[in-house]
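Undergrad: On the provided structure of chain L, position chain R as indicated by the hints.
For the record, the sequence lines run as chains L and R. 1 is the number of the first residue of the first sequence in the numbering used here; add one for each residue after it. 373 is the number of the first residue of the second sequence in the numbering used here; add one for each residue after it.
Note that these hints are calculated values from the structure, not bench results. It is possible that part of the hints are untrue.
[Unchecked claim] Every beta carbon over 12 Å from chain L, so not counted as near; a handful from chain R, in silico:
1. 436
2. 527
3. 557
4. 558
[Claimed, not checked] Residues from chain L that face chain R, not an exhaustive set, calculated with beta carbons under 8 Å:
5. 227
6. 231
7. 238
8. 246
9. 249
From a predicted model like this one, the values you see are computed outputs, not experimental measurements. The beta-carbon is built from N, C-alpha and C at its ideal position, and this holds for glycine as well.
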Amino acid sequence: MIRTNALLDRLLGRINGPLEPGRSPPFWLLVVAAVVVLALLPTFLSRYELLNFSNFLSNVFLALGLCLIWGFGGILSLGQSAFLGLGGYAYGIVGINLIEIHGNTWLALLAGLGFPVIVAAALGWMMFYARLKGVYVAILMLVVTLLIETFLNQTAGQGWFIGNAHLGGNNGLGRFSGVIREPPSLTLGFGAETMVVFKGKTQAFYYLVLGLGVLCYLGLRAFVNSRIGHVLVAIREDPDRTEALGYDVRALQLSVFCLSALLASMSGILYVSWGNFITPNVFGVFYNILPVIWVAVAGRKSLTATIVGTVFLVWLSQKLAIQGDIAFVVLGFILLAGMMLLPEGVVTGLGERIGRVFDRLGIGRHGARHGR
Amino acid sequence: MGAEPLIATRGLSKRFGGVQAVSEADLSLGAGQLRCIIGPNGAGKSTLFKLLLGSLRPDIGTIHFDGRDVTRLEAHRRAHLGIGVKFQNFAVYAELTVRHNLFLPLSHQHRGRAVEREIDDLLARLNLAGTAEKIAGSLAHGQKQWLAIGMALAMKPKLLLLDEPTAGMGPEETEATVRLIRTVNAEGVAAIVVEHDMAFVRQLGAPVTVLHYGRVFAEGTLAEIERHEEVRRIYLGATKLERPPRFKNRQT
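This is chain L alone, in the form it adopts within the complex (with noise of 0.2 Å):
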């Protein structure tokens, strides 16, 4: 028993950590009950349920990006959805050439993982080491998608085919640009007999998202708690100070903006072979302003909060989404509500006020300060 405890307690103190809110044993109880009862979930949703579901869960990751770069690295970018669509891009074009050659997508998710993370590393490097700040960074941001959404829907002529793929202008990669080849849906295994493919409407598509959110919150925290996520947080703090106090500023601000590209881009490869297309609309300022609301309107300094707030929100907006426009007033006042009264964050806010009732009740002392 004691033993197993030690082993608790060193897993647990690598993802628990100051810099996280929700630290408490009631709080990881929380924690592991959601995770249980999202992995029933398939048994219980209709598969169209489960279908949205899945979409709104794999909004996640470009959330959690947002989350690590504005909330704990202080840099806010209006462009993140860029990432994301790149991401899907970059996937659903080699994942249209490749599929019938080699039967499987990973030299698709690879380039779809990598491509967004060049091209993060090369406008992060000249924004950072231009010393870039603060509001300019989320303009540039904003210009660099708008200019590949406009760039994108100018491809819809015969020209614009990469091997096999074609571009399709503001039809996008997929059933709607006239020609019939669609990006696959992630092919993945080891042999044909391991092979599994993830539609969408599938359980595995669900269980792949399910396991890949569970994993990046998990290491997200660790990474947060770690020294790194310490420093990063004293930069977003005051970099000048954290740069005399021994600090590469600008290469750690590179590094985790590259690190947010590669979780958008894992929202993009999931969106296509989710549905098994993409247009340039995620590139326009919709797609880019939505993420921002959702990290901003959760509590942009918790991942926990972000992941929270992302999926009820993802959710909330579908379900008023067909009720008409005057859904999207509804909204607004939702969000304008929320913002005002807890403007640290509606999730972060009532986590912290229950955290509160429970340490009143003298549940989970250990947690300190916010358990949620």
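TA: The following block gives chain R in isolation, referenced to the frame of chain L:
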């Protein structure tokens, strides 16, 4: 002097648009020495400070530190060579805990439990025992300044750059700060203190460099400086040389 100075600048100049903030400044300081840099508003103290720590590059001139040309070296590399910095205002991470503040400089050399031990040691030395879990912004003003000096010390620098370490302090806190700087200096750490407050400079009793229009105007003991007629005129604001240029860099 025989030994090579710890830090030496030669012909250091920096211009912002039409303003020559620092002009051909020659400054040198031996290991373990103490120096105050004073000067009226806009004399170029802050610019010189930033040139020394590495957040600005000079237009011309060189900086040698510990036998090495560091003119083009970035601030974070200079920090590892042994230049510790305490900035002017808000010199701590006000939103973060005291522990987090001290963790940053200490974690270069220590890991795990050793960092915690070092933090506790340093807190005791800074008269801040028991404040580790407090948010740094909630500390009293003087405590914040000590914490800031502690952060600079935590990297075991050979040279400490202090920008107005007693700004906004009461007499008692100022005295405690003087004692702290003296103790650190007695352990062999050189320090360059940019200061406005003449009472503090007097208490510290270190040699003084006077900056004026970005130039090294005078150097000597405080007594010598105070006898210096030109310096007195500058400080009395009675100088009729020319209209003082306007500076972009903020100074208090």
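Undergrad: It remains to establish, for every hint, whether it holds in the given structure.
TA: Results for each hint:
{"no.": "1", "hint": "436", "verdict": "19 Å, holds"}
{"no.": "2", "hint": "527", "verdict": "6 Å, violated"}
{"no.": "3", "hint": "557", "verdict": "20 Å, holds"}
{"no.": "4", "hint": "558", "verdict": "24 Å, holds"}
{"no.": "5", "hint": "227", "verdict": "5 Å, holds"}
{"no.": "6", "hint": "231", "verdict": "7 Å, holds"}
{"no.": "7", "hint": "238", "verdict": "6 Å, holds"}
{"no.": "8", "hint": "246", "verdict": "4 Å, holds"}
{"no.": "9", "hint": "249", "verdict": "7 Å, holds"}
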